[in-house]
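A.B. asks: The task is simple: from the sequences and hints, build the whole structure.
There are 2 protein chains.
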Amino acid sequence: MEVVDILKKYSSDIDEEIQNSLSTVDPEELKKSTQHLIKAGGKKIRPSMVVLSAIAVGGAPEEALKTAAAVELIHTFSLIHDDIMDEDDMRRGEPSVHVLWGEPMAILAGDTLFSKAFETVLETPIDNVSYERVVGALKTVVDSCIKICEGQASDMCFEGNFEVSEEAYMNMIYKKTGALIAASTKSGAIIGGGTPEQVELLSEYGRLVGLAFQIQDDYLDVMSDEQDLGKPVGSDVVEGKMTLMVVNALSKASPEDKKELISILEAEDDTNVTRALELFNKYDSIDYAKNIALDNINTAKSLLDELPDSEAKESLSMIADFVVERIH
Amino acid sequence: MEVVDILKKYSSDIDEEIQNSLSTVDPEELKKSTQHLIKAGGKKIRPSMVVLSAIAVGGAPEEALKTAAAVELIHTFSLIHDDIMDEDDMRRGEPSVHVLWGEPMAILAGDTLFSKAFETVLETPIDNVSYERVVGALKTVVDSCIKICEGQASDMCFEGNFEVSEEAYMNMIYKKTGALIAASTKSGAIIGGGTPEQVELLSEYGRLVGLAFQIQDDYLDVMSDEQDLGKPVGSDVVEGKMTLMVVNALSKASPEDKKELISILEAEDDTNVTRALELFNKYDSIDYAKNIALDNINTAKSLLDELPDSEAKESLSMIADFVVERIH
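Residue numbers (this note's numbering), protein chains in the order written: chain A, 156 to 483; chain B, 156 to 483.
Derived from the structure by calculation, the hints contain no laboratory data.
Hints may contain errors.
No distinction is drawn between identical chains; accordingly, a pair holds when it is met within one copy or between any pair of copies.
[As the list claims (entries may be wrong)] Straight-line Cα separation of at most 30 Å, DSSO-like style, residue types lysine-lysine; simulated pairs:
1) K413 - K386
2) K468 - K164
3) K186 - K294
4) K187 - K199
5) K396 - K186
6) K414 - K164
7) K194 - K294
8) K468 - K413
9) K413 - K396
10) K294 - K199
11) K294 - K187
Keep in mind the model is a prediction, meaning the values are calculated, not measured.
C.D. replies: Encoded structure:
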């Protein structure tokens with residue numbers, strides 16, 4: 156099976172849960188603004204990981220669908236609010252929610268999706284899944300929401316600070332991107348009735364895959380081409396964004412090169428993108444980042460060895476590979 | 156006992172829970188922005204109602220403190236996001252969060268408080284309070300969050316629409332203001348182990364008090380004086396805001412008076428505030444609003460008769476009176 160088929164397998168069930176959840180939102184303007192990005196697509200990697208993790212520990216997929224939908228609702232909430240904060244006007248090939256409905260309605264759309272996510276987890280039928288498991292899944296999801304906010308705040312605070320350590324950077328991307336992916340696999344394992352060890356190892360698998368996911372995003376920005384990427388190569392450099400390549404190159408560079416790289420990042424224009432890439436290459440920072448992503452994926456996959464063999468386990472292993480093989 | 160003493164009774168315990176909840180927020184900028192409005196004060200009516208409702212049905216105050224703190228965190232989240240949406244630059248005598256930290260950090264501060272609220276409910280010690288009660292309280296609080304978003308969206312959609320019915324207006328203020336107060340009393344009753352009937356009547360008590368609270372706010376805007384109010388009399392008129400007085404006067408007014416009132420509300424300046432108040436009085440709309448508030452409070456208080464006598468029940472009755480007697 157291809158990864159695309161794995162992600163398709165539960166996507167219509169997940170979509171149905173999401174649609175049910177949002178169908179009662181009132182007034183109509185608010186409903187439409189909450190549905191916009193969901194309708195625009197998305198790979199549904201996170202909710203699929205919830206369902207697969209539940210199955211991998213012996214649970215039934217149906218039991219995990221509410222939590223899966225909740226994770227996608229939270230992901231969508233964070234995209235809408237991030238786009239306001241980062242002034243990003245396009246998302247998934249469509250104008251952002253705040254562009255179409257204005258900032259006030261976009262803030263509310265995010266808040267509504269956030270509330271709906273928790274409502275959805277709480278609708279998990281208790282007949283099949285005990286209160287204890289539902290509360291456990293919910294705690295996991297709520298904890299990741301706090302981390303998402305903290306990660307975005309750290310990212311904003313890092314702006315213009317070129318002394319950020321690799322440790323601080325990795326902690327930021329763990330919170331911003333890794334935590335929700337770790338929450339997906341962990342909450343799935345809890346709902347599926349996994350042992351504490353299984354819950355822990357799937358949580359760690361998710362954390363590692365989440366970190367690799369973000370590093371691969373950073374890597375693609377410099378190594379992909381404009382057509383695959385859907386945006387110009389090096390746009391992170393143009394925006395002066397902190398990436399693992401930047402952190403690594405700055406930590407190794409000679410005083411002159413460091414000064415030059417900082418001035419390119421501070422300029423926030425595209426005239427010296429090629430020179431920035433030369434500097435990343437000079438200090439092997441692109442390979443360095445790619446290798447960390449690959450190491451994380453290998454460790455993540457090896458953790459899965461502890462689980463009983465199943466198609467779901469195989470699928471989680473393939474998703475891990477996909478994260479660092481994807482070209483957009 | 157005075158209402159001020161009732162509200163003081165649990166406020167330091169509630170404050171401690173809130174401070175604990177926010178003490179781990181990182182980075183520092185985010186922590187400070189989440190703490191700002193909490194430190195600026197607030198009457199703590201909602202969290203006190205959580206604790207009192209729990210006691211009134213036979214529960215222990217300590218069991219309800221986490222949920223009480225959560226309700227205050229949600230109230231604070233909604234104030235921060237509302238102030239961004241409504242471009243209100245002052246709150247509790249201090250500059251709003253978005254004025255001090257900028258909109259992006261204010262959006263995140265709200266999102267963080269929102270997440271922390273759910274985390275806090277989920278930290279209720281399960282030894283004393285079963286999973287079922289915690290899940291019940293959480294469902295109540297989550298449901299009110301959805302309503303807060305919907306109410307704020309309706310309020311925004313009403314802007315410039317002078318054909319809003321009283322029913323639609325009451326539904327909007329129920330969602331925007333009543334729902335969280337109803338959730339306070341309902342969740343308290345659930346955590347306190349109330350019977351389904353007690354939970355239902357305390358929920359209805361909260362809904363009625365919540366509606367009266369908002370109507371009293373509207374009433375004070377025209378009937379109080381600038382010193383008590385802390386802002387000019389009639390500022391709702393200047394802002395063209397929909398209030399129960401506006402809805403009532405427009406529904407009764409002659410075509411000429413209706414046209415005049417609409418033009419005053421659309422002008423959004425303070426030159427004709429006095430004329431708007433004359434029109435409210437001409438159609439008895441101020442008395443009409445005050446009487447609805449008083450009726451709600453009387454019905455709310457009569458519902459409490461069903462509960463066993465206790466100091467907590469007495470306190471809830473006094474809080475109901477306070478809501479329509481307060482002058483700011």
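A.B. asks: Indicate, hint by hint, whether the structure satisfies it.
C.D. replies: Hints, verified against the model:
Taking the closest pair of Cα atoms, K413 and K386 come within 30 Å of each other only inside a single copy of the chain (27 Å); across copies the shortest separation is 54 Å, beyond that limit. For a Cα distance limit of 30 Å, the shortest separation of K468 from K164 inside one copy, 14 Å, qualifies, whereas the shortest one across copies, 54 Å, does not. Taking identical chains as interchangeable, the C-alpha atoms of K186 and K294 lie at most 30 Å apart whether they share a chain (27 Å) or sit on different chains (21 Å). For the identical chains of this complex, K187 and K199 are intra-copy neighbours only, at 20 Å inside a copy versus 35 Å across copies, given an alpha-carbon limit of 30 Å.
Within a single copy, K396 and K186 get their C-alpha atoms only as close as 33 Å, which misses the 30 Å cut-off; across copies the closest is 23 Å, which meets it. For a Cα distance limit of 30 Å, the shortest separation of K414 from K164 qualifies neither inside one copy, at 50 Å, nor across copies, at 59 Å. Taking the closest pair of Cα atoms, K194 and K294 come within 30 Å of each other both inside a single copy (28 Å) and across two copies (27 Å). Taking identical chains as interchangeable, the C-alpha atoms of K468 and K413 are never at most 30 Å apart, the minima being 44 Å within one chain and 68 Å between chains.
Proximity of K413 and K396 under a CA criterion of 30 Å is satisfied intra-copy only: 15 Å inside one chain copy versus 55 Å between copies. For a Cα distance limit of 30 Å, the shortest separation of K294 from K199 qualifies both inside one copy, at 22 Å, and across copies, at 26 Å. In this assembly of identical chains, the alpha carbons of K294 and K187 lie at most 30 Å apart whether taken from the same copy (29 Å) or from different copies (24 Å).
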